Amino acid sequence: MPSNQVELLQGTLDMLILNTLALAPLHGLGISQRIEQVTRGTFQVKPGSLFPALHRMEERGWLKSSWGESDNNRRAKYYELTRAGRRQLEAETRRWKQISVAVGRALEANS
Amino acid sequence: MKWLSVGRSFLRNLFRRKQVEQALDDEISSYTELLVAENMKRGMTEPEARRAARLEMIGPSQVKEQVRSVRAGAWLAALWQDLRYGFRVLRKNPVFTLAAVLTFAIGIGANTTIFSMVNGLLLRPVPVPHSDRLTYLVQRRDHWRNSFSYPDFEDIRRDARTAFSDLAAVRIFQIEGLNVGGQTHTIWTEYVTTNFFSMLEIRPILGSLIAPSDKIAGSDPVMVLSHSYWKNHLGGDPNIVGRKATLNGRSVTIIGVAPEGFRGVTPIFETQGYLPIGVFSYMQVQHGKDPLTERTGDGVLVFGRLADSVSLEKAQSALAVIARRLAEQNPASAKDLSLRTYFLGSGLLSPDGSNPLRVVTSLFLVLSGLLLLLASANVANLLLVRALARNREMAVRSALGAVRFRLIRQVLAETMLLGIMGCIGGAILGIAGSRVISGLPLQSDLPIVFDFSFDWRVFAYAFSAALLLALASGLVPALRAARVNLNDALREGSRGYSSRRSRFRAVLVTAQVGGSLMLLIVAGLFVRSMQNVEHTDLGFDPNQVVNFGLDPHTAGYDEVRGREFDRELLERVRAVPGVEFASVALTVPMGPEILGSELKVEGYQEPPGQRKPAAEMNAVSSGYFSTMRIPIVRGRDFLDSDTESSQRVALVNELMAQTYWAGKDPIGHTFVRTDKPDYSWKIIGVVKNSHSQLLEPVSPAFYVPMAQDYRARQTLQVRTSSPTSAATKTIMEVVHSFEPAMAIFDVRTMTQSLNTPDGFMLFRLAAAITSSLGLLGLVLAIIGVYGVVSYSAAQRTHEIGIRIALGARHSQVLRTVLRQGVLIVLFGSAFGILTAIAVARLVGSFLVGVSAIDPATYIGVSLLLAAIALLASFIPARRATRVDPMLALRYE
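Sequences listed follow chains A and B, in order.
Each residue of the first sequence is one higher than the one before, starting from 0 at the first, in numbering that gives the first Met the number 0.
Each residue of the second sequence is one higher than the one before, starting from 0 at the first, in numbering that gives the first Met the number 0.
Honestly, the hints are just simulated from the structure, not real lab data.
Careful: at least some of the hints might be erroneous.
Claimed, not checked - Reference listing, derived: stretches of chain B covered by chain A, where coverage requires no fewer than 3 residues with Cβ under 8 Å from a Cβ of chain A:
(1) 29 to 37
(2) 66 to 72
(3) 86 to 97
Stated by the list, open to error - Listing some non-contacts, in silico: residues in chain A with all C-beta distances to chain B over 12 Å:
(4) Glu-91
(5) Gln-97
(6) Val-100
(7) Ala-101
(8) Gly-103
(9) Glu-107
Source: prediction; values computed, not measured.
Glycine included, each C-beta is placed from N, C-alpha and C at the ideal position.
Turn these sequences into a full structure, and let the hints guide you.
Here it is in structure tokens:
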């Protein structure tokens, strides 16, 4: 594992997935590639954590899925945000910003 | 919203598993395909692309397993899986399963039986609505007691309106003769205040119950019957309501039947009929004065229903105020009066609110709980042995990704399955056991009902016992089974590990031997005290004597006709072939009551501080001492010439003679009874001492002729040389031939009446229960010892083979293997004796004629147990010496 990769914090994966799907519906592979791209390779989401997260969020009603055609004409399962999912994303984003501001201040105070 | 969605998924996962799984399969394979396509776009060949994709996935089945584990209801699916798998495993090992289930069933069955007894005696409330608000009252004058005089009850009731929504009184029950349609049956009746049934909030099953509007005094009173009396004695006659009947020769009208299962407010004694308390003096006119108007009288029980939102403490303080007021009003009779009230509970009415049977019953519960532990030790042992056999299975599962918790859960699920099966078996055994105890012939004068039937409490107890048992026996094996060392386990055999396990098992079995020894010692103590009680010299000969309860008064006889009846009765009975002696007596030994009288003895002055002279009293006909075989030491027996009109005479026992006429010949001396002060009684003879109560010391006692102190209620006693059952039948026919309406009750042999709750019965019950527990414990311990020794012998087959091959003699091998068994027995016995001493101290007061640390019992029982346990380890040890060294060496 390259040294610039970090372990995902608990709960962060959910937010990343929700955030990724906020723009457009995507299939599983699309989501993991997108996260890797956006975070410049810091996070690589393996199927072993991606699929449990997708299924859990779908069961909670944040995502819904449907079968569709991929770019290269293969069948794939697409996930998109529901209204509850959007609300969840907003809540998570707010929380995350609070945390990052707080942690940032704490670190500045010491330097 | 979220929970709605999760709930929907939960149902879908549960009921449409196939579709869900199919969708997951499709999704994963589509993901793989996309990944392959992606990789090929980057220039890989197809095989390379697939390999890369598989590497990234780690493995499709692991991914799927991870998705499954986050699904809604995953735990349920896993539990179901565990149970199904557990069931398959158990079915594949029928011997193990049977052994474990049987052990469970024995432990739970014994516990359930004993708990059903405790439930029936202590826990089950009187079956009326809101019984948790019912209380009974007690009073203290010189000591606490539960009976009141009727005027006191009326005063309390009037003043206690704030604390109690109502108070009702019951005149303690008594036996009477009820004649319905020409046939007389005895019936135990209570005279109740007219608000009795409305206070209890019960409704009739037929007709109506006594209500405040009913006529409360005068002739032709109303009467209510109990359900079981109506069913058993009147055939459940549906037209009973409105029927005229006679009770002791006086007409009554039956107005209704109480609900099924209602046996009165003291359910251990079944009340069969209820009348309004206002008619008591009318019905009981022969007793002379009206007991209900006497403030010094007693015999009235008082029950209350707490008013809404009034606590027991509030009611106590209200009663304290009332007690002070009553004391002021009646300074003569109620100077130091105190009143208290306690919850009715199961209706035992003890004067201090405690439960008189608590110690014995808790002891039984503790002992049976111990048996449960012994059973769980055995099952734990079985499971540990099996855990060894499953070491590889566990290792394989662990290698395939099962986490430790999952393995623990699997073993626990199997134990729970065993527990459930054992619980069912145990409940069946328990029901059978409680039937046996409930059905023990009580031979009592009182209509005692031991109702140990099962209710939800007993089932809840059985179930929690099973759960506890399963957990206790499954936890350690489960933890150990899950602690697999993959390296060791997947390689064949791991000796260091198993020897540690068998050490744990040896400790378990040692504790088992100790526990069962303790049970056996306690059982031994109870058996010895039962023997002591049974061999007490009673002072009379109970064999070949039959008692018949008679009460001419209940058949409508007055005193004059009653005396005639007695004369004719004895004449006819004495003429029956086989009858050696026949007599009537007011009371019989071990009977429900003993009468006594205070005395004035000329020339006797009691030492200061001692009680006034008093003695037990019995009125008997001529022939009594021959019937009972109580020897007359000096003087003469009563004769038919000792009549109402002649000099009052008495016989005294030796103790009375020594007490009041020490150093003198009492014959010719006289004494006066304070209850009949008009006569002085002249002593005409001295008889040997005899016991009137089993466990009490002999008291001074005197006997007077029935003719000079007539009472209607009496017992005909017959000594016969023919078999008692045949004689009993003949004599009943003789009585009915000249008085068909005469009720004959409490017919039993004298030996039977020794076996009553206050006689041998409690001792026999205690001995029977502790012995059964002890024997079951012994069986479990023996199985445990046998199991451990034979298992470790089997484990050492290899080693023994080598020893024999190197020239070890059989005796040496035997010693090596036996050593473990001997150690278990030694340590176990020491442990058992110590715990037995501790427990026996608690039961010391229930033992008769044997000390709580009786050496003979301790040594005898320990030797017995040691011998059996050593035999159990000798058998596998001996088998070990027969090992063929060649086979043993080739074995591994």
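Inset, instruction - Give me the numbers of the hints this structure contradicts, sorted from smallest to largest. - result: 3
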